[in-house]
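Undergrad: Sequence:
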Amino acid sequence: MTANDPENADPGAKSASVFFSYARADQAKAKQIIGLIEAAGFSVWWDGLLGGGDRFSRTTADALERAQAVVVLWSKNSIESHWVHDEATRGRDRRVLVPLSLDGALPPLGFGQFQAIDLSHSKLSAKDTEVQRMLQAVGAMHGARPQEAIPRSAPRQPLLNRRNAVIGAGAATALLAAGFASYRSGLFGGNAANANRVAILPFDNISGNPAFGYLADGLSTEIRSTLSQNGALQVVGQASSEAFDRGKEDIVAFARKLRAALLIDGAVRVANGVIRVTIDLIDGKTGVNRPSRTFEKPLDDVLAVQREIAGAIAAELATELGSGGAVVGGTSNVVAYDRYLRGKDLYAHASNEAEEREAVTRFEAAISADPDFAAAHAGRARALASVAGQYGSAAEIKLYYDTAISSARRAVELAPRLADAHSALALILFQGVLDIKAARAPFDLSYKLGEGEAPVLARFAVYCAATGRDSEAMTAISRSVLIDPLNALIHRILGTVHFAARRYAESIAAVRETIRISPELTDTRSRIGMALLAQNKNREALGEFEADSHKWSKLAGVAIAQHRLGNTAAAKAAYDELVNDTETVSLYQQGQILAQWGKTAEAVLALSKARELRDGGMTAVGYDPMLDPLRKLPDFIRLLKAMGFG
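Per my numbering, the sequence shown starts with residue 284, numbered consecutively.
Do not take every clue at face value.
What the hints assert, rightly or not - DSSO-like mimics (lysine-lysine), calculated; alpha carbons at most 27 angstroms apart, straight line: (1) K531 with K580; (2) K540 with K580; (3) K720 with K681; (4) K720 with K924; (5) K681 with K359; (6) K924 with K882.
No lab work stands behind these hints: they were computed from the structure.
The whole structure should be built from the sequences, with the hints applied where relevant.
TA: Here is the structure:
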C-alpha cells in the first residue's frame, strides 16, 4: 500500500502524477517498481488492493485521466488483460505512455509506438541502467514532454550484417559460401540485353527536404514490385538497380552490366501538399531518353501516383498488368502506405538495434491504420525475426519468433498469392523454429508465386540446399542472380548451394566475388576459412578466420584450425572466449568445435541445446563438414530426424 492508496478516496487520485498499470499476477514485482518510482520523488496511483470489479471505478478513471505519466508493465500476463489494454490505450492516446517489459514480452499490436524498457534482466535497484531509463522517461513526462517517451539506449552493433536479414540469407552460423567466376559465362550467355529486361533506378528526392527521401526510395521500390508481378517483364532486383552511382557512372555501361534493355529513372518533388514525379525511360543500348512523363497528385493520393506510373510503363512496353496494376497484398489507405514505406526504408538500411526495432514499430503503425494490409504484416514478421536473430537474448528469441510467425500467418491469410508472405512464414519456420518439415510447403508455394522476386528465390534456394535438393537450389539461385546480379548477398546464397554440395573451390571463388561487390560485409572471410578447413588447408584457413570481424564464426574457426595445427592452448583460448560470451547463443559453433576435437558426445549435447534455444545455425547440420565426425552416432541421427532432416 502506498501513501496514495486508492481506497483513501479521490484526493489521492488528484495528487498522484503517475498511474501504474499491471496484471494482478505480477503484483510482487509491480510493488518493487512502484517503490523505485516513489523513491525518485514521484507520487504513484495504483490499484493493488482493489477487487477486479472496481477496476474502473470513478477514482480509477480520474487518476488515469489526471496522470502526467501512465506507466504500463507489459508481461505475458498483462498482454492478456483487457484492463491493462484499456489503461495503456488511454496513456497512449494522451501521449503520456511509459511502457515497461517485465519478462521480455513485446507490447501487443497497437502499442509499438515506443520502445518498451526491458526490465527482464534488471535487479530492480535504483542504480540499474534500465531503472534509470524508466525514471528519466517518467521525469520527461513531468517536464518538457518529448515526442518519444523512451530515451533510446546506445545502439549495440548488429551481430549480423543488416542486409543478410533483408535477404533472409540464413543465420550467422550457417557456413555458406558463393561461386561467381565458375558460372558467369554460362549464366549470362553473352552481352546482348534482353528486350523485356527492365531496371528501376533509385528515384531522386528533389524536394529540398531530406525527410522525403524515404518517399522517393519507397516509390521506386514499390513500382519495381508492381512490375515484377507482370510475367512478360524481367525486372532487375533492388540491390543491383540501386548500385547505380548517379553522376559518376555511365548509364550505357551500367545497363550493359545489368543486361537491361530499359532503365527507368525518376525524380520526386513534394511541395505545398502536392507530390510531383517525373519519369524518364532510358534506352539501355544508347542511353537516349524517351519523352519524360510527369505525374502529379495531392500528397495524400500517393498510391494513385504509384499505380499510374506502373501502368504507364507497362503500356509503354506494350504489356498488360493484371488487376489494374494493383499490388497483391497492398492497401488503399494512404496513411498505412506511408508508414509501410517508412518501415521498409528502415528495415532495408538499419545499422543498429534501435533502427531495427523502429522498423517493427513502423510496420505496426501501418497495420494499425489498415489491419488488412498483408504486405505490412509480412514486413513486420521479417523485421521481428531480424531483431530476434541479431539482438534477442535466449529468453527473447522464442517470443519474438512466435510473434513473427503469427504476423506471417496473418499476411498469408489476407493475401494467399503474396509470395513474400509465404516466404517470410517459411523462413521463420525454418530458421527461427527449426521446423524443417513445416517450412517446406510455404517455401514451395513462395517459389511458384515469386519467380520474378530475387529475395524469394534466394530464400527458397537456401532451404533446398539445406535439405539436399541441390538441383532445385541451383535453379532458383541462378535465376535470383540473373535478376539481381550486383547483390553480394545473393552471390553468397549461391555459395550456400555450392557449400552444401561440397563444391569448395567454387565456394572460395564466390566469396572473393562477394567481398569485391561489398567489402564491408561481415562473416565472409570465415566462410572462405571453413571451405579451406574442409580441404584440410588449415594454415590458410587460420589466416582467413583471423582476418574476419564476425565474432562467432571467427572464434569457431580459430579454435578448429589451431587445434589441427597442434596449438592446443590457442585453440582452448578461442573456445573459452566463445563459451564465456553469455550475451549470445553460440551453441552451434561450440558443437562444431567439440566435434572436430573428437568430443563427440559433448558436441551432440551442445547441438541438442542449440536446437532447444532455436539457434539458427542448426539449419546447416545436414551438410556442415565440421559435423562429419557425428554422422554415424545414433543420438545425432535422432536429432536430425527430430528436426525433419532426412
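Undergrad: Taking the hints in turn, state whether each one holds.
TA: Now for the hints, and whether the structure bears them out:
no. : hint           : in the structure
1   : K531 with K580 : violated, 32 angstroms
2   : K540 with K580 : violated, 35 angstroms
3   : K720 with K681 : holds, 19 angstroms
4   : K720 with K924 : holds, 10 angstroms
5   : K681 with K359 : holds, 13 angstroms
6   : K924 with K882 : holds, 22 angstroms
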